[in-house]
Amino acid sequence: MIELLSQAAFWLFIIVTVGSAVVVVFHKRVIYSAFALLFTFFGVAGLYVFLAADFLAASQVLIYVGGILTLIIFGVFVTAKIYTMTIPQQTHQRFLALIPVLVIAGVLMYVLFTADWKVIDHPNQPTTARLGKLLLTTYLVPFEVASVLLLAALIGAMRLARPREEDHEQ
Amino acid sequence: MNFVPILIFLGAAAAVVFAALLTNRLLAPHKPNPAKLTTYECGEEPVGSPWIRFNTRFYVIALIFIVFDVEVLFLFPWAVNLKQMGMFAWVEMAVFIAILSIGLAYVWAKRDLEWIKPKPGWVKSKD
Numbered sequence: 001m002i003e004l005l006s007q008a009a010f011w012l013f014i015i016v017t018v019g020s021a022v023v024v025v026f027h028k029r030v031i032y033s034a035f036a037l038l039f040t041f042f043g044v045a046g047l048y049v050f051l052a053a054d055f056l057a058a059s060q061v062l063i064y065v066g067g068i069l070t071l072i073i074f075g076v077f078v079t080a081k082i083y084t085m086t087i088p089q090q091t092h093q094r095f096l097a098l099i100p101v102l103v104i105a106g107v108l109m110y111v112l113f114t115a116d117w118k119v120i121d122h123p124n125q126p127t128t129a130r131l132g133k134l135l136l137t138t139y140l141v142p143f144e145v146a147s148v149l150l151l152a153a154l155i156g157a158m159r160l161a162r163p164r165e166e167d168h169e170q
Numbered sequence: 001m002n003f004v005p006i007l008i009f010l011g012a013a014a015a016v017v018f019a020a021l022l023t024n025r026l027l028a029p030h031k032p033n034p035a036k037l038t039t040y041e042c043g044e045e046p047v048g049s050p051w052i053r054f055n056t057r058f059y060v061i062a063l064i065f066i067v068f069d070v071e072v073l074f075l076f077p078w079a080v081n082l083k084q085m086g087m088f089a090w091v092e093m094a095v096f097i098a099i100l101s102i103g104l105a106y107v108w109a110k111r112d113l114e115w116i117k118p119k120p121g122w123v124k125s126k127d
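Sequence order for the protein chains is A and V.
Numbering (the numbering used here) for the first sequence: 1 to 170.
Numbering (the numbering used here) for the second sequence: 1 to 127.
I should point out that these hints are in silico values taken from the structure, not numbers from a laboratory.
Glycine included, C-beta positions come from ideal geometry on N, C-alpha and C.
Heads up, a few of these hints could be off.
[Stated by the list, open to error] From chain V, some residues computed to sit far from chain A (all C-beta separations above 12 Å):
1. L37
2. C42
3. A62
4. P77
5. N81
6. F88
[As the list claims (entries may be wrong)] Residues on chain V that point at chain A, a partial pick, calculated with CB under 8 Å:
7. F18
8. L21
9. E44
10. I66
11. V67
12. V70
13. V72
14. V80
15. W90
16. D112
17. L113
18. E114
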């Protein structure tokens, strides 16, 4: 019963992720694509849970759904003519496009069938505490360097995003 | 790590939304007229399309938010170990947050947190 429910939940997350990803790619209006991306990010978080990566799932929800997506939607809002503008969806150069598609598909299939898939016998052990212990001891320097990286990202982003004087005029 | 409660929570949240919309659809009288269907703008007659370029002034704030969002993410694995590791872990996180606080001080000092005041006459559309 639990096994069946777990399978059902897994397929639900697959459908949500792939379905909303299709909407993101194929919808002509950029605002709908942005909102569909919400479900894609969320579905991916669900799939991380099935991979027993609970911390990664939490970070996906916190950073991508909570942060990046907000930024994308804000970005869409400042797009000129968001409703009348449509993204061209014609296909050009189908034959040439087929080559990279086949190469990528081939590589993915190769990995899928040759990888040594390990099935862990103790699934879903919480990772957050173990990650934290490693971050605070073995990987202390990278952890502190991460804050410097974040600081650099913040200052750099502000330097680029700061409205210039002429923008105030509009 | 048991995620079943979270799944139940998600299901319940979705169910509440759909139940509310469905109840509304079933119970509410549906008698539209042109006046009812106009966009409510506090009594003003709406002019033009609502789908215009819209300057959400929080864009810069959202950028800053993402950096501190990542900081919050690092707080989770730290918090579950804090009790066990004590003062050492506390100091490590204090250094981490202190470095990021420089960023906050920077944006504060550079006045990036301030609301951009629209100048008079900016309302007329340029599109």
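Verification of the supplied hints:
1. L37: holds (18 Å)
2. C42: holds (21 Å)
3. A62: violated (5 Å)
4. P77: Given that some Cβ of chain A is not farther than 12 Å from that of V/P77, nearest at about 3 Å, it is violated.
5. N81: violated (4 Å)
6. F88: At roughly 8 Å from the nearest Cβ of chain A, V/F88 sits no farther out than 12 Å, so the non-interface label is violated.
7. F18: Violated - the Cβ of V/F18 stays beyond 8 Å from chain A, reaching only about 15 Å at its closest.
8. L21: Violated, about 17 Å.
9. E44: violated (21 Å)
10. I66: holds (4 Å)
11. V67: holds (4 Å)
12. V70: Hint holds; V/V70 Cβ to chain A Cβ min 6 Å, cut 8 Å.
13. V72: At about 7 Å, which falls below the 8 Å cut-off, the nearest Cβ of chain A leaves the hint on V/V72 intact, so it holds.
14. V80: holds (5 Å)
15. W90: Hint violated; V/W90 Cβ to chain A Cβ min 10 Å, cut 8 Å.
16. D112: holds (6 Å)
17. L113: violated (10 Å)
18. E114: violated (11 Å)
Hint compliance for this structure: hints 3, 4, 5, 6, 7, 8, 9, 15, 17 and 18 are not met, and every other hint is.
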